[in-house]
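A.B. asks: Protein chains in written order, with the working numbering: chain B, 1 to 135; chain P, 1001 to 1102; chain R, 2001 to 2119.
Just so you know, not all the hints are guaranteed correct.
To be verified - The following label-pair restraints were derived from C-beta to C-beta distances:
| hint | chain 1 | residue 1 | chain 2 | residue 2 | range |
| --- | --- | --- | --- | --- | --- |
| 1 | B | Ala69 | P | Ala1094 | 41 to 49 angstroms |
| 2 | R | Ser2055 | B | Thr107 | 55 to 63 angstroms |
| 3 | B | Leu111 | R | Gly2072 | 43 to 51 angstroms |
| 4 | R | Glu2070 | P | Gly1070 | 28 to 36 angstroms |
| 5 | R | Gly2102 | B | Ala121 | 29 to 37 angstroms |
| 6 | P | Gly1070 | R | Met2001 | 29 to 37 angstroms |
| 7 | P | Thr1022 | B | Ala84 | 25 to 33 angstroms |
| 8 | R | Phe2012 | P | Gly1070 | 15 to 23 angstroms |
| 9 | R | Ala2080 | B | Lys80 | 13 to 21 angstroms |
| 10 | R | Gly2072 | B | Asp118 | 41 to 49 angstroms |
| 11 | P | Thr1022 | R | Ala2066 | 36 to 44 angstroms |
Read the hints as simulated data drawn from the structure, not as lab findings.
Even for Gly, the Cβ is constructed at its ideal location relative to N, Cα and C.
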Amino acid sequence: MSDLPPIPPDDEDEFGVVKKFCYVNRKAPYGTVYALESLEMVLIAAAFDQDVSVVFMDDGVYQIKSEQAPEAAGMKNFSKTYRALEGYDVEKLYVSKESMEERGLTTDDFLVDVEVLDHAALSALMAEQEVVITS
Amino acid sequence: MSKLHTVNKSPFDKNSFDSCLTLAEDGSAVLLIEDGVYAAVAGGDVAARIADASSRLKVYVLGPDLAARGMAEDRIADGVSVVDYGGFVDLAEAHDAVHSWL
Amino acid sequence: MKFGVLVNEGPFTHQCSDSAYQFTKAALEKGHEIFRVFFYYDGVNNANKLAEPPSDDRNLTANWSALAEEHGVDLVVCVAAALRRGLNDDILAPGFRISGLGQLIEAGIQADRLVTFGD
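Same shape as in the complex, but just chain B:
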């Protein structure tokens, strides 16, 4: 993405409050715009120094499939931005084990390092979140 927000300094604390923000991605990329614009929301939350987690489940697991080449379909390739998340201290990336497996995927298919959680672990993780933003 050409319009990435600036990476914040470590001591930035815009509102003096750090909340647990969880983005739950359940939609595949390219067929609709949700994956791309959701990623922009993730980057902004990180720029505000919030405690950000990103969950990929259901068709959302397709968002981080490696080797995306949407140029052939005339669309912008934003998949590289997932790799930039680390630079924004967004390192809590989770994938639903069941969603991954039922789609015949393994972690080798993903373009970023993720933690794979089963339903019980994912449910527990999401239960702790203070702000849940879904798309």
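Got chain B sorted already, so can you dock chains P and R onto it with the hints?
C.D. replies: Chains P and R alone, transformed into the frame defined by chain B:
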């Protein structure tokens, strides 16, 4: 933390309702809105899933969205409570966060 | 209690904006504060003042503007999402303002609850 989960998709179209029921933590509430209200109609396959979950989740349905779709409140499965928009607000207030399953 | 509301779809294709509007109105009637309503994705189209729905149907853009007028509700349209969709200050309905995505994150932080409406 307990959450209010909302579901706005028909269970016969998308898996949002299934995913919500699978991942909603015990003690949380589920509110069916928009096309999500079809999950609450008695006699269908989905109502049985709601009955199974009723020991660990409270299930609500938005009355105005039922009425809009010609579903009378007496068609609603046992264990599902009907609320209006004010009730939606009350549920959001009573839980620690709102998770919308779209 | 302070609520934040996120609206992710436009005013007609999906019920999203209707639901968000009814929720917001009910919260105000109960004496709650609406910290902000943020419009993202195609939700930015709610702010287009050129919309002219038939007179026997509801006009969501006008309804949102009325909430801003009567209750001072802060209606914020995401600038990046708006520019993509051809929405700018020239066609912005009364009561709406265009600003950055940081306004959504601020709503998430400052409001007691952030409620998302979308497709």
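A.B. asks: May I ask you to test the hint 13 to 21 angstroms on the CB atoms belonging to Ala2080 (chain R) and Lys80 (chain B)?
C.D. replies: holds, 18 angstroms
A.B. asks: Quick check on a hinted range of 41 to 49 angstroms for Ala69 (chain B) and Ala1094 (chain P), using CB atoms only.
C.D. replies: For Ala1094 (chain P) against Ala69 (chain B), whose Cβ atoms are near 48 angstroms apart, the range 41 to 49 angstroms holds.
A.B. asks: Holds or violated: the 15 to 23 angstroms window for the beta-carbon distance between Phe2012 (chain R) and Gly1070 (chain P)?
C.D. replies: holds, 21 angstroms
A.B. asks: Against the range 29 to 37 angstroms, how does the distance between the Cβ atoms of Gly2102 (chain R) and Ala121 (chain B) compare: consistent or not?
C.D. replies: Hint holds: Cβ distance 31 angstroms, inside 29 to 37 angstroms.
A.B. asks: Should the hint that Thr1022 (chain P) and Ala2066 (chain R) are 36 to 44 angstroms apart at their CB atoms be regarded as holding?
C.D. replies: The hinted range 36 to 44 angstroms holds for Thr1022 (chain P) and Ala2066 (chain R), with Cβ atoms some 40 angstroms apart.
A.B. asks: Determine whether the Cβ-Cβ distance between Gly2072 (chain R) and Asp118 (chain B) falls within the hinted range of 41 to 49 angstroms.
C.D. replies: holds, 46 angstroms
A.B. asks: Taking the CB of Leu111 (chain B) and the CB of Gly2072 (chain R), does the distance hold inside 43 to 51 angstroms?
C.D. replies: holds, 45 angstroms
A.B. asks: 28 to 36 angstroms was suggested as the range; check whether the CB atoms of Glu2070 (chain R) and Gly1070 (chain P) agree with it.
C.D. replies: Distance hint for Glu2070 (chain R), Gly1070 (chain P) holds at roughly 33 angstroms.
A.B. asks: Does the beta carbon distance between Gly1070 (chain P) and Met2001 (chain R) stay inside 29 to 37 angstroms, or does it fall outside?
C.D. replies: For Met2001 (chain R) against Gly1070 (chain P), whose Cβ atoms are near 34 angstroms apart, the range 29 to 37 angstroms holds.
A.B. asks: Is the gap between the beta carbons of Thr1022 (chain P) and Ala84 (chain B) within 25 to 33 angstroms?
C.D. replies: Given about 31 angstroms between the Cβ atoms, the range holds.
A.B. asks: 55 to 63 angstroms was suggested as the range; check whether the CB atoms of Ser2055 (chain R) and Thr107 (chain B) agree with it.
C.D. replies: holds, 56 angstroms
Checked against the numbered hints given earlier, this structure breaks none of them.
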